[in-house]
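Each chain is listed here by its residues.
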Amino acid sequence: MSPAPLLCVRDLSVSYPSRAGTTRALDGVSLDLDPGEFLGIVGESGSGKTQLLLAMLGLNAQGAQLAGSIQYRGQQLLGASQRTLATLRGRRIGMIFQDPMTALNPYLTIGTQVTEGVRLHLGVGRRAARRRAIELLEAVQIPEPERRLAQHPHELSGGMRQRIVIAMALICEPEILLADEPTTALDVTVQAQILALLRELRIRTRAAIVLVTHDLGVIAAVADRVLVMYAGRVVEQAGVEQLFAAARHPYTIGLRRSIAELDGPLPERLLSIGGNPPNPAALPPGCAFAPRCAQAFERCQSAPPPLVSIAPGHTRACYFEGPLEMHSP
Amino acid sequence: MSALALEVQGLTVRFALAGGRQRLLQAVTDVSFSVPRGETLGIVGESGSGKSTIARALLRLVPASAGTAWFRGVDLLALEREPLRAIREHLQIIFQDPLASLDPRMRVGQLIAEPLLEFRPRLDAEARRSLVLAMMERVGLLHSHLNRYPHEFSGGQAQRIGIARALVLEPELLVCDEPISALDVSIKSQIANLLKDLQAQLQLSLIFIAHDLAAVRFSCERVLVLYLGRVMEIAPRAALFSTPRHPYTRALLQSVPIPDPQRARARRDAPLGGEIPSPLAPPSGCVFRTRCPFAEARCAERVPELRTVGESLVACHRAGDAAIGL
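Line by line, the protein sequences give chains A and B. Under the numbering used here, the first residue of the first sequence carries the number 1, and numbering increases by one thereafter. Under the numbering used here, the first residue of the second sequence carries the number 330, and numbering increases by one thereafter.
What the hints contain is simulated information worked out from the structure, not anything from laboratory work. Even for Gly, the Cβ is constructed at its ideal location relative to N, Cα and C. Hints are supplied without guarantee of correctness; some may be wrong.
Stated by the list, open to error - Here are the simulated distance ranges between beta carbons:
hint: 1; chain 1: B; residue 1: Arg410; chain 2: A; residue 2: Thr109; range: 44 to 52 Å
hint: 2; chain 1: B; residue 1: Ser459; chain 2: A; residue 2: Thr22; range: 51 to 59 Å
hint: 3; chain 1: B; residue 1: Arg352; chain 2: A; residue 2: Asn105; range: 25 to 33 Å
hint: 4; chain 1: A; residue 1: Ser69; chain 2: B; residue 2: Arg597; range: 54 to 62 Å
Looking at chain A on its own, in the form it has when it is part of the complex:
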């Protein structure tokens, strides 16, 4: 039997009402996160991937209306007090954001920022916290950790800053690490370093990691299991090998085929998904991907397809039953 999930999200919806109408950022999303698992969430802008991450932290913007359920070890987080959430954040759930510069306070030293978590959540004394911070900076492969503690964020490069943010997120030994596009703002050589670091830390810390990205290449490098999101809904979910070898949703397949390759025959044209991503304030009544889908038929216009199991550990939300080509002809 599999262990009880750390995090259970059920039928989660996030909407933003306004005078112009309601924007549905998330619609009926469910997921389980197992201890130690590396879950990748892939989607383009407006897919709801960041809203999902923020909901797990109780950090959606003001005016957001949330419905459904988010349970952490059986404890309901939706509607929990700010105090409860603040205790969980940082202590049990660490966070890494896209832009390390905005995640760090420019006025405070690295030492103050890295040790804040253990001092606040665990009541660790100053000297012990400092020792712990040095260990952590070593773990994230920052050279001369002692000297870094006295420095300010602007004195470090982008890659070093992201390592600091990762160290901050890990210092309380959280069970869950949430990462929102942690390598998107970095150069490709530094991205490779950070992905290697996340893989290594995951083994060392045994934390479950949820990584949100628009880049299937990043997913392929690190994730065990993948959720594909489109217009606020999960459209496909599978183990990483299954998803890349045998995707069964036209959007996933289109996304995979849109990636230009570094080797192999040079194509005359890149394959792409036609049309444009939908406006979350004006979603169609049926499947939100239907207007861009070559397989769309009448039924797709009626109601969004439910997520159904099509193989062990593999679900998708699509009415089309015929064959779908993963690779271009």
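With chain A held as given, fit chain B onto it using these hints.
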């Protein structure tokens, strides 16, 4: 007519930094390249490599400190104000963030018509309108978009507006500064295809600046690899991607995520360590040596000259050394 649309020799760009002691930041050092007519040259490099500075210097948006850039028989870098204004008709640029580069108060039709008003003032309104509509069709915009504002469009659509505006004068050379980097994955390939189609239709020459190597492979016949303001390697596409001669080119190619979990996890090459140094304190000798797994004593002493190895021009003392597979 020359076979080259653009020929750049020894381009150097220095910025004087404010502050007590005057310090110079050399963003681009002695960069030479040419763009054959109708071809696309890719310029790749990480942030801080100077690739956007090259684009801006060619358009005279920042002053060059040295060098020449021959275009239509004149040196772009030496042109006076009026001839420079006039030559812009033939030399256009599109930027990474299409929404930030379009005036939010102008309608799509006005945005695309603006270059015509500037450079073809004698065109009557009817003729102008038909040129605008024809260009909108070419880039995949609908006639009904004519009176809409940029903010009503998604990123990909806004980039189409930027492209229409840049191409409505049918320029000879289009500089694309990260034209697809900010776009969604499913849209990137649409715009890359569009640029390729337009290039063929309009016999355009292109400079395609990007950090996405796979997109560069698709779009560019030749590729220039830049690091800390210097050329590391210039090579035809096939040679660069199959037999990179510079250790930095090789490291860049090895850093690109592979969209295949089995191959991605089978990779054994350790990622390139460190980060690009500050251009205020560039390393002596070869600027890449501080991160280079093959650096030797001579790399710190002498700046490697660009030389021919195989089909590449490469600035590395060790290029061609079979022992390290370069």
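Hint-by-hint comparison with the structure:
Checked against the hint of 44 to 52 Å, the pair Arg410 (chain B) and Thr109 (chain A) passes, with Cβ atoms roughly 49 Å apart. Evaluation of the 51 to 59 Å hint for Ser459 (chain B) and Thr22 (chain A) yields a failure: the beta carbon distance comes to about 42 Å. The supplied range of 25 to 33 Å is met by Arg352 (chain B) and Asn105 (chain A), whose beta-carbon atoms lie about 28 Å from each other. Separated by about 43 Å at the C-beta atoms, Ser69 (chain A) and Arg597 (chain B) break the suggested range of 54 to 62 Å.
When each numbered hint is compared with the structure, violations occur for hints 2, 4.
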